[in-house]
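Following the hints, position chains B and C against chain A.
Residue numbers (the numbering used here), protein chains in the order written: chain A, 2 to 77; chain B, 27 to 643; chain C, 161 to 239.
It is worth saying that the hints were derived from the structure and are not from the lab. The structure presented is a predicted model; accordingly, all values stated were derived computationally and were not measured. Some hints here could point you the wrong way.
[As the list claims (entries may be wrong)] Computed footprint of chain B on chain C; a stretch qualifies when at least three of its residues, placed anywhere within it, have a C-beta under 8 Å from a C-beta of chain B:
| hint | region |
| --- | --- |
| 1 | 177-188 |
| 2 | 194-208 |
| 3 | 222-236 |
Yeah, the Cβ is synthetic: ideal placement off N, Cα and C, and Gly gets one too.
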Amino acid sequence: MIEALIVGLLVVACGLYWLGRVAPSATRGLWRGFGRTLQVIHAPSSLQMAVAGRATAAPQGGCGGCKGCDKNGGCH
Amino acid sequence: MVETLPLRAALVGNPNCGKTSLFNQLTGSRQKVANYAGVTVERKEGRLTTPAGRAVRLLDLPGAYSLEATSPDEAVTRDVCAGRYRGEAAPELLICVLDATNLRLHLRFGLEVCRLGRPTIIVLNMLDAAEKEGLKIDLPRLAAELGTPVVGVVAIRKNGAADLLALLDNPPVMPPVLREADGGDIHATVRRLLTECVTRPAVASEALEDRLDRWVLHPVWGLVILLALMFVMFQAVFSWAQPPMDAIESGMTAFGELIRSLLPAGLIRSLLVDGILAGAGTVVVFLPQILILFLWILVLEESGYLPRAAFLLDRVMASAGLSGRSFIPLLSSFACAVPGIMATRTIQNPRDRLVTILIAPLMTCSARLPVYALLISAFIPKRLVGGVFNQQGLVLFGLYMVGIGSGLAVAWAMKRREVTTEHPLLMELPAYRLPSLRDLVLGLWQRAVIFLSRVGTIIVTLSVLLWALSSFPAPPAGATGAPIDYSLAGRLGHLMLPLFAPIGFTWQICVALIPGLAAREVAVSALATVYAVGGSETDAASQLTPILSSQWSLATALSLLAWYVYAPQCFATLAVIRRETGGWKVVAQTAGYLFGLAYLASFLTWRIALALGWGPS
Amino acid sequence: MRLDELSAGMNAVIDHIETRTADDIVARRLGELGFVPGEPVKVVAVGPFGGDPMAVKIGFTRFALRRTEAARVILKERA
Numbered sequence: 002m003i004e005a006l007i008v009g010l011l012v013v014a015c016g017l018y019w020l021g022r023v024a025p026s027a028t029r030g031l032w033r034g035f036g037r038t039l040q041v042i043h044a045p046s047s048l049q050m051a052v053a054g055r056a057t058a059a060p061q062g063g064c065g066g067c068k069g070c071d072k073n074g075g076c077h
Numbered sequence: 027m028v029e030t031l032p033l034r035a036a037l038v039g040n041p042n043c044g045k046t047s048l049f050n051q052l053t054g055s056r057q058k059v060a061n062y063a064g065v066t067v068e069r070k071e072g073r074l075t076t077p078a079g080r081a082v083r084l085l086d087l088p089g090a091y092s093l094e095a096t097s098p099d100e101a102v103t104r105d106v107c108a109g110r111y112r113g114e115a116a117p118e119l120l121i122c123v124l125d126a127t128n129l130r131l132h133l134r135f136g137l138e139v140c141r142l143g144r145p146t147i148i149v150l151n152m153l154d155a156a157e158k159e160g161l162k163i164d165l166p167r168l169a170a171e172l173g174t175p176v177v178g179v180v181a182i183r184k185n186g187a188a189d190l191l192a193l194l195d196n197p198p199v200m201p202p203v204l205r206e207a208d209g210g211d212i213h214a215t216v217r218r219l220l221t222e223c224v225t226r227p228a229v230a231s232e233a234l235e236d237r238l239d240r241w242v243l244h245p246v247w248g249l250v251i252l253l254a255l256m257f258v259m260f261q262a263v264f265s266w267a268q269p270p271m272d273a274i275e276s277g278m279t280a281f282g283e284l285i286r287s288l289l290p291a292g293l294i295r296s297l298l299v300d301g302i303l304a305g306a307g308t309v310v311v312f313l314p315q316i317l318i319l320f321l322w323i324l325v326l327e328e329s330g331y332l333p334r335a336a337f338l339l340d341r342v343m344a345s346a347g348l349s350g351r352s353f354i355p356l357l358s359s360f361a362c363a364v365p366g367i368m369a370t371r372t373i374q375n376p377r378d379r380l381v382t383i384l385i386a387p388l389m390t391c392s393a394r395l396p397v398y399a400l401l402i403s404a405f406i407p408k409r410l411v412g413g414v415f416n417q418q419g420l421v422l423f424g425l426y427m428v429g430i431g432s433g434l435a436v437a438w439a440m441k442r443r444e445v446t447t448e449h450p451l452l453m454e455l456p457a458y459r460l461p462s463l464r465d466l467v468l469g470l471w472q473r474a475v476i477f478l479s480r481v482g483t484i485i486v487t488l489s490v491l492l493w494a495l496s497s498f499p500a501p502p503a504g505a506t507g508a509p510i511d512y513s514l515a516g517r518l519g520h521l522m523l524p525l526f527a528p529i530g531f532t533w534q535i536c537v538a539l540i541p542g543l544a545a546r547e548v549a550v551s552a553l554a555t556v557y558a559v560g561g562s563e564t565d566a567a568s569q570l571t572p573i574l575s576s577q578w579s580l581a582t583a584l585s586l587l588a589w590y591v592y593a594p595q596c597f598a599t600l601a602v603i604r605r606e607t608g609g610w611k612v613v614a615q616t617a618g619y620l621f622g623l624a625y626l627a628s629f630l631t632w633r634i635a636l637a638l639g640w641g642p643s
Numbered sequence: 161m162r163l164d165e166l167s168a169g170m171n172a173v174i175d176h177i178e179t180r181t182a183d184d185i186v187a188r189r190l191g192e193l194g195f196v197p198g199e200p201v202k203v204v205a206v207g208p209f210g211g212d213p214m215a216v217k218i219g220f221t222r223f224a225l226r227r228t229e230a231a232r233v234i235l236k237e238r239a
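Isolated chain A (complex conformation) (with noise of 0.2 Å):
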């Protein structure tokens, strides 16, 4: 039972990870709402400001979330 649990919280984090990569929008609206859950319950506030950023990120680009390209084409 116990081993079902992780086993799910792996496979719905990584799903998540990748809701992220796909749709960043869909998953802005979730992080925002958790770290309103998170001001609610008095969380850390060194863990209420991680989850504040990951709210506000800007999309990255870059190939694979390397962002070591540079104009003249160099992927270094």
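Only chains B and C this time, still in chain A's reference frame:
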């Protein structure tokens, strides 16, 4: 006096002047990258603090040969320098970077910048290389002639920009006072400045350049050298990489065994072994091959050889209707099509740019390497051809050539009906440089980090998802078939099979194609996961190669290789095409024609291979 | 004589740049890259297919240019 607002400064300079290294050196990681409003030209801004504590906002402008712009990049530089760019405040200070070893070319641009009548600092970069060549540059004299401060820096060395930073404490506030003595002729001024401020000994290094170029650019020997370099490169990818790959593979197997012995059979063990380890482990094995490929590319790039290869192949490109400007974007597409497509911004002709964007995905990017290497090592026997060449390396070389050939053919087909306009080449052949060990190590390290972080994010998460899809729902009680046939992934694979059976794909390949859209190498991890979940408990999870060679026919493998030469199996590429062209039309065109070509090529390969008797027995 | 008629290994001096059209970008760019009257040039190499493009050394910089571009560079006749 307390400074409240940061100083707004902008870096300008010719391409190849080391402006970007200086920018990195000055601002470190405090950079912000965005686009200029309305155009797809990258806007890079960084912050720095001078020794005396003065804050500076530094803008890195696109490289330009002249303020008379001929490309969107140069137009941005021109307008920002002149303070004419909408939404961009005029910089209070221009920092003009010149390559000290190539002053004859760069000084002209420096004079153009000085004539703008804005406070300017002239920076001579690569001063160490100039000294090594025996060049003596009289900085105070040059500063007096230009009427503005001149400092020397070595952008690639730590603290190499100390003089510039010190100068930024008290930057010039008045525009340069040029000593105009040559009737306004900028070239005459350059020549006069060079004779007055630079002493150049009659050096031997010039002779070395000439001797090297005599061979490298030779009509026959040049091509022979180019071909030999390419050949050795692909041989090395297979032969040099074998020992480290074996080591990683046995490490993965041992790790799998360890988990097996520690955890009881169950969901978690299945997730770890069949999902994550089978998926990510199979891809990690290809790290040595990717690093070797990049080592070659880095060495060729740093040494100044690549523009010479472009010189040799220019006629081939021209006959396909491409301009010489397309070469560099296409070349970077061998690393990854995304920066390649972004580099097409330097192409002035919009039609040329479109064609280059459309064929960039046909250049074999490094993400295809794991797919190619897996199939080649599973199906192509390791045999020497002609006593020297490894057959596996030859096949890999052939796959790259098919990609290049197809790209040229597509370009030719698209440009065929056009009226031929002139395609300027006008490309600088930079001086040869011995690649520095530090740069090579740093470049490879960054490559390894990028690859491993892709494995750690994209591939691990997709493996977990795919594991879940191929494990659930569990087969109903009393089911007779394999459990995976009842899972979501199994059903989906069988659903797609009628479409892909005519080109020889199995249902497992169909399943792997879907997550493979995220990145091409994911197809390898996806295949590993599907076979690991579907396989019996005794199969070692990380041994995909023997499973494939026993379950697929050679015809299937060749058909899949052909598919991967063409198929646009990469979301990131399609996304960047949308961003660069500002619409979905080109995206639809690219995806449509590439999928069409992929299907056609696989169909032909499958049929021909069947006719040759390489089909399933 | 024009630059594209110069064979490999030969030296010459630039007389002027010919402007083909009212707004000849190539001619202007040539000037910006240092192809200006009085500058000595040397053909370092020519391309493998039909001698196109050509590698030209001007001062201490080398450039690759196609023949149609090189044809805009008019050289001084040697006396």
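Quick rundown of the hints versus the structure:
| no. | hint | in the structure |
| --- | --- | --- |
| 1 | 177-188 | holds (count 3) |
| 2 | 194-208 | holds (count 8) |
| 3 | 222-236 | holds (count 7) |
Comparing the model with each numbered hint stated earlier shows that all of them hold.
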